[in-house]
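Between the sequences and the hints, there should be enough to build the whole structure, so can you do that?
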Amino acid sequence: MGGTFMNTRKADVVIIGGGLGGTLAAWTLANRGLKVIMTEETDWIGGQLTSQAVPPDEHPWIEQIGCTAAYRAFRNQIRSYYAALVKPELLQDRDAYDNTFNPGNGWVSRLCHEPNVAHDLLQAWLCPHVEEGRLHILYHTVPLEAHSQGDAVQDITVLNRITGEKTVLTGKYYVDATECGDVLPLAGVEYIVGAESQQLTGEPHALPEADPTDLQAFTVVMSLEKLDARAAERNEPIAKPASYDWWRSFHHEGSPYPLLSWWDTKPNATHELRKFICLPDGIDPLPLWTYRRTVDASQFRDGHYEGDLSLINWPQNDYSIASPVEMSYEERDAIVEEAKQLSLSLLYWLQTEAPREDGGVGYPEFQLYRPSVGTDDGLAKSAYIRESRRIQALYTITEYDVSKELRKGLGLGIRRYEDSVGVGHYSMDLHTTTKTGRSCYIPTLPYEIPLGSLIPKRVTNVLPACKNIGTTQLTNGCYRLHPTEWNIGESVGHLIAYSIEQEIIPRKVYEDKHHLSAYQAELDGAGVQRSWPFDGTEIA
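Per the numbering used here, the very first residue in the sequence shown carries number 113; after that it's consecutive.
For the record, the hints were derived by calculation from the structure and aren't laboratory data.
Please note that the accuracy of each hint is not assured.
As the list claims (entries may be wrong) - Derived lysine-lysine pairs resembling DSS-like cross-links, with alpha carbons at most 30 Å apart:
| id | residue 1 | residue 2 |
| --- | --- | --- |
| 1 | Lys-452 | Lys-122 |
| 2 | Lys-122 | Lys-493 |
| 3 | Lys-284 | Lys-378 |
| 4 | Lys-284 | Lys-516 |
| 5 | Lys-147 | Lys-569 |
| 6 | Lys-547 | Lys-378 |
| 7 | Lys-278 | Lys-147 |
| 8 | Lys-493 | Lys-147 |
| 9 | Lys-352 | Lys-493 |
| 10 | Lys-547 | Lys-278 |
| 11 | Lys-278 | Lys-493 |
| 12 | Lys-284 | Lys-547 |
| 13 | Lys-284 | Lys-122 |
| 14 | Lys-452 | Lys-520 |
| 15 | Lys-493 | Lys-569 |
| 16 | Lys-122 | Lys-352 |
| 17 | Lys-387 | Lys-278 |
| 18 | Lys-284 | Lys-387 |
| 19 | Lys-516 | Lys-378 |
Claimed, not checked - Pairwise CB distance ranges (calculated):
| id | residue 1 | residue 2 | range |
| --- | --- | --- | --- |
| 20 | Met-118 | Glu-465 | 37 to 43 Å |
| 21 | Gln-614 | Gly-262 | 17 to 23 Å |
| 22 | Glu-465 | Thr-120 | 51 to 57 Å |
| 23 | Trp-358 | Asp-210 | 44 to 50 Å |
| 24 | Gln-310 | His-626 | 35 to 41 Å |
| 25 | Pro-370 | Cys-239 | 32 to 38 Å |
| 26 | Leu-522 | Lys-387 | 46 to 52 Å |
| 27 | Thr-120 | Trp-219 | 46 to 52 Å |
| 28 | Ser-410 | Asn-119 | 20 to 26 Å |
| 29 | Gly-245 | Arg-482 | 50 to 56 Å |
| 30 | Glu-465 | Leu-312 | 40 to 46 Å |
| 31 | Glu-384 | Asp-205 | 22 to 28 Å |
We treat Cβ as the ideally placed atom computed from N, Cα and C, and that holds for glycine.
Structural data, given as structure tokens:
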């Protein structure tokens, strides 16, 4: 330590990163009576659901099956919150409301809602544990270094980026729940980043040669409000962003249209184009305003919302010039600022130049809406980073585990794992990458989460809790979504609690059928669904 005094804190478990997986790991561990320290880079826990302002991407079965009991309880609480605000006629059939109400009527999810509402609910879940001393949260805090002895981490030093204070955190177990997998290199956990090669993974859609610098685009989401016609007449566009002219002329390779347009290249076919529109409802072309709309004002009592609200996470503000994953914190700050400029450039284009469906130009009715995201500028507190460093795990999930085309072509259904610790479903969704510019959207069958994908191949007391599990770049595209990350966090929390109680390491749970069965029984008792009640062969 160079003779410099630093604060030291000790807990049973240290969680670095307060995203969705980290938050659920902390909640699970505290529920089981363990003492937990969790860090968070912003002042909001919850990650992609809250500070990154991404409404939950969910699968078609979510209202009945396919998530943990805790995730379902959270969804129910979201609907209960909005029940006090909606028009009375929507509550006449309360069962229908409880099972189908979508605050924004957005088409990305059956429950498009505001990030601040999700944050407040998650805080309420953690609050009793904080008050009773089982959980301590360090905000504005990032990892700096880790010390190991053999295959185990001994401590992690963290930095408060506001005060400059450093703290040494010690625990029996450490969880990497950061958005970029920042603990992995510090702790010496073997990992992979970027695109794997076909030779390594055997995946048909992998690159012929590996490229660790070819990562997916990331996005700084912004929150917009749609004003009525009278207010729109008085609304002034934002100041022209400094980099607007550059972004206005930027093209993706293969597209004759600039990024700031209603055109985009199709996933899986970088030289074919697709067109979007903005406001009208319908499915062809796809309307972007309703894509991630979080408030459909027509459903709510007069005066509560002045207009519709939508979170803007569109192809037009995907930042694909570079990835922040392998950067220093200072370099990340700079590149995130560039991504903010892209999002603001999109807004300026929308307000002043975007072609309208009625033949006009510009949407003066759009303005930044700050309350939903809890910031002064209407931009999310944190960037939505789709791809992280990924552990080299005891088991790596590949395209052959999930691809509908590959599995059905082999006469197979859902990939079943003896060591399953959860379920999920989403297509393999790869956004435009930084080097090759490729993208894909590959249909999948519903999947299970194998325990082996949560355990590093060597280090014994560090576990991942989000998009840094043992996937490939391709399968990360379906395992990174909200219900799956939530499930991963819960299952990792139970795994650590079981390992501490049994005085064994997580790898022993994976290798020993007795321990595996006992651990899975605990998951079952906690309401963690571990398998699908159908085999997937019937899915068209």
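Here is what the structure says about each hint:
no.: 1; hint: Lys-452 / Lys-122; in the structure: 37 Å, violated
no.: 2; hint: Lys-122 / Lys-493; in the structure: 29 Å, holds
no.: 3; hint: Lys-284 / Lys-378; in the structure: 47 Å, violated
no.: 4; hint: Lys-284 / Lys-516; in the structure: 40 Å, violated
no.: 5; hint: Lys-147 / Lys-569; in the structure: 26 Å, holds
no.: 6; hint: Lys-547 / Lys-378; in the structure: 17 Å, holds
no.: 7; hint: Lys-278 / Lys-147; in the structure: 21 Å, holds
no.: 8; hint: Lys-493 / Lys-147; in the structure: 28 Å, holds
no.: 9; hint: Lys-352 / Lys-493; in the structure: 22 Å, holds
no.: 10; hint: Lys-547 / Lys-278; in the structure: 36 Å, violated
no.: 11; hint: Lys-278 / Lys-493; in the structure: 23 Å, holds
no.: 12; hint: Lys-284 / Lys-547; in the structure: 40 Å, violated
no.: 13; hint: Lys-284 / Lys-122; in the structure: 9 Å, holds
no.: 14; hint: Lys-452 / Lys-520; in the structure: 42 Å, violated
no.: 15; hint: Lys-493 / Lys-569; in the structure: 34 Å, violated
no.: 16; hint: Lys-122 / Lys-352; in the structure: 49 Å, violated
no.: 17; hint: Lys-387 / Lys-278; in the structure: 50 Å, violated
no.: 18; hint: Lys-284 / Lys-387; in the structure: 52 Å, violated
no.: 19; hint: Lys-516 / Lys-378; in the structure: 19 Å, holds
no.: 20; hint: Met-118 / Glu-465: 37 to 43 Å; in the structure: 52 Å, violated
no.: 21; hint: Gln-614 / Gly-262: 17 to 23 Å; in the structure: 21 Å, holds
no.: 22; hint: Glu-465 / Thr-120: 51 to 57 Å; in the structure: 55 Å, holds
no.: 23; hint: Trp-358 / Asp-210: 44 to 50 Å; in the structure: 48 Å, holds
no.: 24; hint: Gln-310 / His-626: 35 to 41 Å; in the structure: 38 Å, holds
no.: 25; hint: Pro-370 / Cys-239: 32 to 38 Å; in the structure: 47 Å, violated
no.: 26; hint: Leu-522 / Lys-387: 46 to 52 Å; in the structure: 36 Å, violated
no.: 27; hint: Thr-120 / Trp-219: 46 to 52 Å; in the structure: 50 Å, holds
no.: 28; hint: Ser-410 / Asn-119: 20 to 26 Å; in the structure: 52 Å, violated
no.: 29; hint: Gly-245 / Arg-482: 50 to 56 Å; in the structure: 34 Å, violated
no.: 30; hint: Glu-465 / Leu-312: 40 to 46 Å; in the structure: 45 Å, holds
no.: 31; hint: Glu-384 / Asp-205: 22 to 28 Å; in the structure: 44 Å, violated
Taken one by one, the earlier hints fail for this structure at numbers 1, 3, 4, 10, 12, 14, 15, 16, 17, 18, 20, 25, 26, 28, 29, 31, listed in ascending order.
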